[in-house]
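Let's have the full structure, built from the sequences with the hints guiding it.
Below are the chains, spelled out letter by letter.
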Amino acid sequence: MADDPFVLGGTSFTSRLIMGTGGAPSLDVLERSLVASGTELTTVAMRRVNPRAHGSVLSVLERLGIRVLPNTAGCFTAGEAVLTARLAREALGTDLVKLEVIADERTLLPDPIELLDAAETLVDDGFTVLPYTNDDPVLARKLEDVGCAAVMPLGSPIGSGLGIRNPHNFQLIVEHARVPVILDAGAGTASDAALAMELGCAGVMLASAVTRAQEPVLMAEGMRHAVEAGRLAYRAGRIPRRHFAEASSPVEGVARLDPERPAF
Amino acid sequence: MSRTPETSVTPDTTDAADTRRTSDVLVVGGGIIGLVTAWRAAQRGFTTALVDPEPGGGAAQVAAGMLAAVTELHYGEQTLLGLNLASARRYPDFAAELTEATGQDIGYRRCGALAVALDADDRAHLREVHALQRRSGLESEWLSGRECRRLEPMLAPGVRGGLRVDSDHQVDPRRLAAALVTACERAGVTFHRTWADRLTVVRDRATGVVTADGTELSAGQVVLAGGSLSGRLTGVPDDVLPPVRPVKGQVLRLTVPKRYAPFLSRSVRAVVRGSHIYLVPRESGELVVGATSEELGWDTTVTAGGVYELLRDAHELVPGITELPLTETRAGLRPGSPDNAPLLGPTALPGLLLATGHYRNGVLLTPVTGDVMAHALATGELPDEARPFTPRRFGAAALSEQRA
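Chains as they are written, first to last, in the working numbering: chain E, 1 to 264; chain B, 1 to 404.
Calculated directly from the structure, the hints in this document are not laboratory data. Fair warning: there could be bad hints in the mix.
Some chain B residues judged to face chain E by a derived CB distance under 7 Å, without partners named [to be verified]:
1. HIS74
2. THR190
3. ARG193
4. TRP195
5. GLY297
6. ASP339
Ideal Cβ placement from N, Cα and C applies to all residues, glycine included.
Next comes the structure, spelled out in structure tokens:
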């Protein structure tokens with residue numbers, strides 16, 4: 001939607017869907033899914049991909065003209081995350097980093113203390129930091145305060161497909177944020193992505209919902225439409241919820257029988 | 001130079017090429033795929049040469065050797081399933097023939113496999129896999145956790161259920177590679193123990209290779225079977241260069257001491273928090289644990305993290321492994337193609353054929369690859385079961401069509 005650009009760290013995007021690549025059954029399916037999703041920005045785990053290796057997922061992104069968003073998946077300390085981000089910047093020549101600092105392997109939930117610490121260091125180092133965070137409005141605000149270019153709260157744990165478990169927290173985060181809020185993790189199907197956009201998120205980031213679907217290419221297309229639909233609905237402004245019905249057909253000017261006065 | 005009735009695709013070579021020609025078929029790459037191709041070509045009466053610094057090396061030295069047509073079935077890979085099953089069916093005869101030709105046992109073991117779930121999420125996933133297998137006409141049996149542990153008492157008490165697949169067997173890839181080298185030697189294949197440096201193309205036809213020591217090897221037909229290195233041979237025109245990339249896999253080998261035997265009696269596998277783990281027990285007592293999947297280029301470093309993750313997940317599946325000696329850690333490179341399926345047969349460049357991109361299924365697909373390549377060398381065409389795997393599916397036109 002050209003009249004409604006999505007600006008992230010000074011770069012303007014048309015698509016509001018950020019894709020991940022983890023879990024794709026093959027490079028071919030991944031490529032067709034990325035095309036179907038319409039994404040212009042896709043995240044790659046720097047610990048699992050060598051930027052210099054030819055024919056890998058990075059070559060696919062390059063061929064499709066999709067911008068790479070390196071991420072620090074698999075890091076448990078601020079120190080590891082900072083090091084990984086710096087190596088990514090050196091290898092890919094981008095200041096963008098999706099910052100992930102994970103607390104444990106079972107939940108893959110973010111470690112808020114390490115995350116804030118790493119975010120501060122990387123912002124000072126000139127990075128455009130997009131932190132993967134809990135759906136905690138206070139932490140979101142602090143991440144924004146240290147200079148993050150966006151906040152990316154989880155709807156539910158990575159790969160769980162449980163959707164947005166606390167929409168109210170998302171509303172609180174969106175209401176206070178002056179930077180884009182992006183749903184990161186938890187989307188399981190199209191309605192989850194649409195809901196995020198209706199709640200005022202500037203974008204949606206997802207991987208497993210597409211890559212682990214039975215038909216990834218179809219789900220990618222579904223997600224593209226869901227993000228667009230949710231965004232349009234958000235901009236349009238939904239009608240207030242009412243307890244009783246209100247007829248949608250106009251009643252003004254329609255002939256009416258007056259029970260007090262017979263029609264003849 | 002030998003000529004057989006089967007060389008119906010006799011290249012119409014110029015006199016100059018004819019004088020330099022040293023074989024009917026030249027195979028570039030001496031991993032199991034290159035070896036089986038050379039063996040089958042020689043059996044058909046082609047004079048055959050193979051170039052590789054170390055024939056019998058490559059990914060087969062690391063691979064576990066699960067012949068897992070059923071348990072490796074993934075959504076969207078039903079076409080590949082057909083080829084995998086065709087090859088699995090050929091294995092008993094293939095193993096017998098290879099043993100007869102060489103006197104070597106390749107460790108073909110009809111042991112079956114068990115895929116288990118360790119928690120409710122894994123269980124739901126495995127149920128879906130079961131449904132997919134049944135839709136695809138495959139036989140597998142759903143077992144309760146208790147039944148799984150009755151079959152394999154070393155499994156963790158936390159196993160919640162599993163799929164018993166009696167048709168997924170195993171072979172020892174190292175023995176397979178060694179036997180194929182012997183079979184090639186006995187069938188008269190000439191080995192050039194050096195690297196192929198460059199493909200020679202004369203008037204839009206592949207005519208041979210130049211090796212690292214500068215020797216020119218000429219051939220009527222060249223088969224590129226270089227595994228993960230297949231995309232790197234210089235001189236191959238861009239539009240026929242196979243889109244193959246290395247996908248690193250770290251694999252551990254433990255040893256089951258006699259007093260613990262049999263420990264496990266079939267291949268056991270699971271998905272633990274998204275990572276695939278398998279344990280393949282050999283009759284010799286070797287227990288292979290694999291494998292990581294990493295996109296790091298031609299890197300074969302064994303890392304602490306790789307070993308840790310494999311041991312962690314294997315321990316969750318079979319706690320008793322901590323008592324076993326850890327005898328080997330090694331990393332290999334799977335030749336990954338864009339759709340995970342191999343590239344077989346003639347390319348758009350006359351005289352050049354491919355046998356590469358077998359990814360996770362190289363050991364399984366060895367018998368069918370040999371047959372398919374021999375057929376392609378003799379007739380210039382792929383047999384029906386291999387048609388979908390033509391390298392031409394990755395031509396520029398095919399890709400743009402897919403995208404549209």
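Verification of the hints:
{"no.": "1", "hint": "HIS74", "in the structure": "holds (5 Å)"}
{"no.": "2", "hint": "THR190", "in the structure": "violated (31 Å)"}
{"no.": "3", "hint": "ARG193", "in the structure": "violated (27 Å)"}
{"no.": "4", "hint": "TRP195", "in the structure": "violated (19 Å)"}
{"no.": "5", "hint": "GLY297", "in the structure": "holds (3 Å)"}
{"no.": "6", "hint": "ASP339", "in the structure": "holds (4 Å)"}
In terms of the numbered hints stated before, the structure departs from hints 2, 3, 4, listed from lowest to highest.
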